[in-house]
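Visitor: Sequence:
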Amino acid sequence: MILSRVIRPFACVLAACVGAAPAAVLAEDGVALGPGLEIAPYGQFHFAYQGFDDGQVVTENIVDITNANSRFGFYLRNPDREDGLSFHFETGLGFRPSQKTSQTNTPDFWNWQRTDLRKVQLIWSGRFGTLKLGQGSMTSDGAAESDLGKTVIVAKSTIPEANGAYILRNSAGALTGITIGQTFNNFDGGRQGRIRYDTADFAGFSLGLAYGREILKSGVDDDYYDIALRYGRAFDRVTVAGAVSMAYVETPSFDERTLLGSVAVLDRPTGLNAALAAGREYLTGASYGYLKAGWNTRVIEAGTTKLVFEGFRGRDYGSAGAQSAMWGLGVIQEIDALSTEIYVGYRAFSYSDATPVTYQDADAVQIGARFRF
Numbered sequence: 001m002i003l004s005r006v007i008r009p010f011a012c013v014l015a016a017c018v019g020a021a022p023a024a025v026l027a028e029d030g031v032a033l034g035p036g037l038e039i040a041p042y043g044q045f046h047f048a049y050q051g052f053d054d055g056q057v058v059t060e061n062i063v064d065i066t067n068a069n070s071r072f073g074f075y076l077r078n079p080d081r082e083d084g085l086s087f088h089f090e091t092g093l094g095f096r097p098s099q100k101t102s103q104t105n106t107p108d109f110w111n112w113q114r115t116d117l118r119k120v121q122l123i124w125s126g127r128f129g130t131l132k133l134g135q136g137s138m139t140s141d142g143a144a145e146s147d148l149g150k151t152v153i154v155a156k157s158t159i160p161e162a163n164g165a166y167i168l169r170n171s172a173g174a175l176t177g178i179t180i181g182q183t184f185n186n187f188d189g190g191r192q193g194r195i196r197y198d199t200a201d202f203a204g205f206s207l208g209l210a211y212g213r214e215i216l217k218s219g220v221d222d223d224y225y226d227i228a229l230r231y232g233r234a235f236d237r238v239t240v241a242g243a244v245s246m247a248y249v250e251t252p253s254f255d256e257r258t259l260l261g262s263v264a265v266l267d268r269p270t271g272l273n274a275a276l277a278a279g280r281e282y283l284t285g286a287s288y289g290y291l292k293a294g295w296n297t298r299v300i301e302a303g304t305t306k307l308v309f310e311g312f313r314g315r316d317y318g319s320a321g322a323q324s325a326m327w328g329l330g331v332i333q334e335i336d337a338l339s340t341e342i343y344v345g346y347r348a349f350s351y352s353d354a355t356p357v358t359y360q361d362a363d364a365v366q367i368g369a370r371f372r373f
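Counting from 1, one number per residue, gives the positions in the sequence shown under the working numbering.
The set of hints was computed from the structure by calculation and includes no laboratory data.
One or more of the hints may lead you astray.
What the hints assert, rightly or not - Heads up, simulated EDC-like pairs for lysine to aspartate or glutamate below, C-alpha to C-alpha not over 20 Å straight-line:
#1 K119 to E90
#2 K150 to D336
#3 K119 to E161
#4 K217 to D116
#5 K119 to D198
#6 K119 to E38
#7 K100 to E161
#8 K150 to E301
#9 K217 to E90
#10 K119 to D223
#11 K119 to E214
#12 K100 to E60
#13 K217 to D267
#14 K100 to D116
#15 K150 to D267
#16 K150 to E161
#17 K217 to E250
Being a predicted model, the structure only gives us computed values, none of them experimental.
Full structure from sequences and hints, please.
Guide: Structure (structure tokens):
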């Protein structure tokens with residue numbers, strides 16, 4: 001089992017994140033630059049040992065987990081008011097991404113590129129809502145990822161972010177052309193250069209619209225349109241959050257339409273939480289359902305302990321009649337004094353289709369630490 005190989009890397013990962021922590025701490029409330037202007041920086045370092053057993057070979061690496069990658073950002077804003085104009089910048093730090101690591105590809109440990117830019121945008125907020133212009137999230141980004149248990153570093157419906165480039169093997173032991181990312185996609189939206197408008201909240205509801213173009217990659221002439229309805233509200237003891245989105249991509253050769261959504265619930269007194277997500281891609285007919293259930297409790301004084309289970313079932317990925325299945329477990333321990341989370345996660349994958357090929361089951365282990373500032 002791959003689990004027997006992961007004890008020693010855990011200490012290295014924790015030392016890499018926590019050891020850098022004291023030098024990285026920045027002012028939490030922002031730094032004044034002048035009358036009516038402050039800069040509010042933030043960020044995180046997130047490294048993990050990742051082991052992937054494809055049934056034949058175990059591939060091991062230290063990676064930056066794309067679920068919640070290492071990043072730095074800041075806001076330029078007026079600290080005396082919540083509305084008006086602000087500027088937001090955020091970039092990934094360019095460390096080896098888990099999303100691109102596989103049996104046949106080990107990216108350089110550091111290689112920052114302009115595609116690591118996450119947000120470069122102007123934001124105007126007022127009584128009628130928020131307008132955003134520049135590189136940033138489309139309204140469908142996160143629509144399949146509602147999460148009140150705060151366990152996305154180890155359990156998230158966007159499975160390709162952690163394991164997407166790994167290749168399945170057939171029964172003869174040969175690598176096929178089928179990857180985890182192709183068979184476990186949740187169709188969640190991404191980030192483009194876009195104009196986006198979100199209405200103000202009304203009884204917990206808000207509506208968002210966006211149009212975007214790819215501005216960080218050359219040779220991409222796609223047009224992106226989406227709309228999303230979001231909801232979030234805290235009741236006497238239960239908090240509920242959810243989203244549903246329709247996204248449309250117009251390319252020079254075909255059009256793609258996806259429908260996706262998710263809902264999450266948290267019982268605050270007990271820490272019990274759950275999330276459901278589902279989606280469909282109309283061009284291929286692929287669809288899925290995702291479940292996550294967890295319990296946040298305090299076992300030790302250092303911080304909250306989070307236990308989480310996740311499961312994914314997909315149909316028609318790759319070809320009609322295909323079946324995808326994944327289940328996973330995770331444990332996260334917060335260390336409040338260090339603004340750090342340490343965790344262990346495990347996932348098991350299986351896939352079958354209507355071809356004569358039989359695919360071997362695969363499993364993955366992730367042991368990491370995230371430090372936030």
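Visitor: Would you mind marking each hint as holding or not holding in the structure?
Guide: Evaluation of the provided hints:
1. K119 to E90: With a Cα-Cα distance of about 5 Å, the restraint between K119 and E90 holds, given a limit of 20 Å.
2. K150 to D336: Holds, because 15 Å separates the two Cα atoms, which is no more than 20 Å.
3. K119 to E161: Holds, at about 18 Å.
4. K217 to D116: holds, 11 Å
5. K119 to D198: Between K119 and D198 the Cα gap is close to 17 Å, so the pair holds against 20 Å.
6. K119 to E38: holds, 18 Å
7. K100 to E161: Holds, at roughly 8 Å.
8. K150 to E301: With Cα atoms ~19 Å apart, K150 and E301 stay inside 20 Å; holds.
9. K217 to E90: holds, 17 Å
10. K119 to D223: OK: K119 and D223 at ~19 Å, within 20 Å.
11. K119 to E214: Holds - the C-alpha atoms of E214 and K119 are around 13 Å apart, at most 20 Å.
12. K100 to E60: holds, 13 Å
13. K217 to D267: Not OK: K217 and D267 at ~43 Å, beyond 20 Å, violated.
14. K100 to D116: holds, 13 Å
15. K150 to D267: holds, 13 Å
16. K150 to E161: holds, 17 Å
17. K217 to E250: holds, 16 Å
Hint check: a violation occurs at hint 13 only; the rest are consistent with the structure.
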